[in-house]
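*Asks:* Next come the chains, spelled out residue by residue.
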Amino acid sequence: MKKVAYAVILGAILGALDGFSAAYEFGFGTKVLTLAGLSSIKSLVVGLAVGITAVYVRNKGVIIAVGTILALVFAYLVAAQPDPDTGEKYYAHIMGTGGLVGLIVGYATAKYGEKTGTVGA
Amino acid sequence: MSWISDKKIQRLRQAAEVPDMTGTHYRLLERVAHGGMGVVWLALDEKLDRRVALKVLDVAGEEEARILAKLEHPGIVPVHDTGRLADGRAFYAMKYIEGDRLDRHVSGITGVPERLRIVLRICEAVAFAHARGVMHRDLKPENIMVGPFGEVLVMDWGVAEVAGTPGYMAPESTRDARADVYSLGAIIRFLVDGRQLDRPLRAIVEKATAEDPAARYKDVQALAADIAAYLDGLPVAAHPETWMDSVARFLQRHRLAVILVVAYAVVRLLIHIFFGA
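Chains as they are written, first to last, in the working numbering: chain W, 1 to 121; chain F, 122 to 398.
Calculated from the structure, these hints are not laboratory results. Small disclaimer: the values here were computed from a predicted structure and weren't measured. It is possible that some hints are incorrect.
As the list claims (entries may be wrong) - Computed, partial: chain F to chain W, Cβ under 8 Å:
| hint | residue |
| --- | --- |
| 1 | A336 |
| 2 | R376 |
| 3 | V379 |
| 4 | V383 |
| 5 | Y385 |
| 6 | H393 |
| 7 | F396 |
To be verified - Output of the computed footprint for chain F on chain W, the stretches with three or more beta carbons under 8 Å from beta carbons of chain F:
| hint | stretch |
| --- | --- |
| 8 | 19-33 |
| 9 | 103-112 |
Beta carbons: idealized from backbone N, C-alpha and C, even for Gly.
The shape of chain F in the complex, shown without the other chains (with noise of 0.2 Å):
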């Protein structure tokens, strides 16, 4: 009796898994992650002699591709085309991003400010789809690409009847715009985990991640508002300010004018005090 070893019985297994690409330009070159609904692979486009990122979905279905393809943003992964494999799943190529996904990505970037800026990024692609109708319903560090030259993408859009990933998932059974409202949050939150934050900060992520639907913001544009407003020294909606707030943020904002009209009044009296008339 001969056994086949279990590294030869997970080759098989890999073997079946690979798609048949027969009949289509493309030929798989090596498999790059498992989105919502489907595989991704880096393929090449033999027609066209580039490489592409290649779906095949685990249904027959060319919803996501024509969701997709509605959704023609610079922070949204083109599709090129779609198709259908000889055994009925359908598929669509992409734009092949050689970049890093963003969980990957920040350990290079030490600055609060910078990070932020990558969800300001971020949430213009997902305020265009939601202004075209389209959820994302799984928004997280692992489906947003950074391109080498600092491009931001938001990749897996099929999810739309998925369940979304724990930690980045609104707890309410209906997802709406709110529901990306809460992911953009919760990936804040994971940006910017370990830092001290101060109060206007803290006052978004909590806005955002709110339990309460209706306590969150109302819309993804006015997250990103708060964001800018936050980067540019102003005050946020999420964090209603005292006086001295302002005072201090003031006082922040334009320190070193500060300190020069202190430093004048200072001048003038040493001079008076040592030169006086």
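In isolation and in its complexed conformation, chain W is listed as follows (with noise of 0.2 Å):
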């Protein structure tokens, strides 16, 4: 599977994952499912990112680093948002576990994706 492809699927699906856990501090409902299509969005935009940093870049730890770094900078934005029923803003909890979700991405596209272009020997 291409890089790129890998990486956007992957990071579309531990995004909804991530977003779904959120179920375990509010319980399934609209605000969970609105949690998990949001991550979704942004986890599958990091993987865009990673895919097309790892088709360039070989060295893995700067693949992972721009995963990492950018799933924390989309999971600020999506933090920085208040709740409409609360108006609380839960940085612990979007960004905590969406770094790491950038971070895995990171390092499963630079270590299981094949690279784009490359011809089987």
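Two chains, each in its own frame: build the complex with the hints.
*Replies:* Shown next, in the form of structure tokens:
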């Protein structure tokens, strides 16, 4: 599988799972579905950036760093939006695991995804 | 009465052993080794102005050169030329490899995986020869050369009828492909000697060097497949796994991925404890 597609799909899936894991805090409902959707889109974009980076960069550390930093930035942007019901902001909830998802996507893409454009021997 | 010193006798003996290359376009430079059925010299091919390894056989036959000429493979030293000396002995010229013998080369390689990758390259060359009906019968670290660019070459294919080397030679008298499997197993044992081996690798060595030929790998490809599987962290045929072995191998193979997933779970739990709704 091409690295970009691999990273995008993995990011979307892990992001959605990360969002759904908020059900642990809030129980299943509209709020968790919204969080899962946002988280999935966030991680999908991170996956896209990680995948493109992985096509051009061989250094595993750089790929993982790009995934982690971008995930933290996006997670911050999402977390900065207050909860419409309570007005609270969930920095720790969203950034804590969101950053880890970016790290996992970066690691998995660097390790398991195949490079785009290579010809099999 | 005059005495000839031992040193002079030795020099005379050496001079007598130097083959007379009159009538050939080779000039001997130095004696390199005594291989199976002959002596290998570093020589200069005066026609092409290049150095070659020239093997002068103890016998008149050219069978060894013919065997080697059949084997065109990157892992087998190519034969450039054959000929006959004035005294009737046959010789052939091979590519001269400027490298280390495997037994010397490995001192610079610390990792078992790197050493096993060399064995895989040897297996490729030997399997190629077997596919053409040629057995080596004297595989040992001294007959493997590692070139300056990491190329691995199997040498000394001319011992088809010679006894082989104790320690690397299969115990049975019939010497087919499984005898070479035994020698390859003995080479692995040599390469990992003194190291703590895990069970799959130990099983590979034991299966390759089983006393009973029928208990060994059926051919070199099967041995190579098991080594490759071991290097990739996959199950090996020589070592049937229990479910605990499978779990341990999975955790070992995906150590970092497992750590990341556990870290995610721990972070999620900590968030719940400290920031939970």
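*Asks:* Each hint needs a verdict: does it hold in this structure or not?
*Replies:* How the hints compare with the structure:
Hint on A336 (chain F) is violated. Least Cβ distance to chain W is approximately 34 Å, over the 8 Å limit. Annotation: R376 (chain F) was flagged as interfacial toward chain W, and the flag is violated, the nearest CB pair being 11 Å apart, outside 8 Å. The beta carbon of V379 (chain F) comes no nearer than 11 Å to any beta carbon in chain W, farther than 8 Å, and the hint placing it at the interface is violated. For V383 (chain F), the interface hint is violated, the least distance from its beta-carbon to any beta-carbon of chain W being 11 Å, above 8 Å.
Restraint check, Y385 (chain F) versus chain W: the minimum CB separation of about 5 Å is within 8 Å; hint holds. For the restraint placing H393 (chain F) at the interface with chain W, the shortest Cβ-Cβ distance is roughly 6 Å, inside the 8 Å limit, so the hint holds. The beta carbon of F396 (chain F) comes within 5 Å of a beta carbon in chain W, closer than 8 Å, and the hint placing it at the interface holds. Residue count for the stretch 19-33 of chain W with a Cβ under 8 Å from a Cβ of chain F: 4. That meets the three needed, and the coverage hint holds.
Remark: the stretch 103-112 of chain W is confirmed as covered by chain F, as 5 of its residues place a Cβ nearer than 8 Å to a Cβ of that chain, reaching the required three.
Hint check: violations occur at hints 1, 2, 3 and 4; the rest are consistent with the structure.
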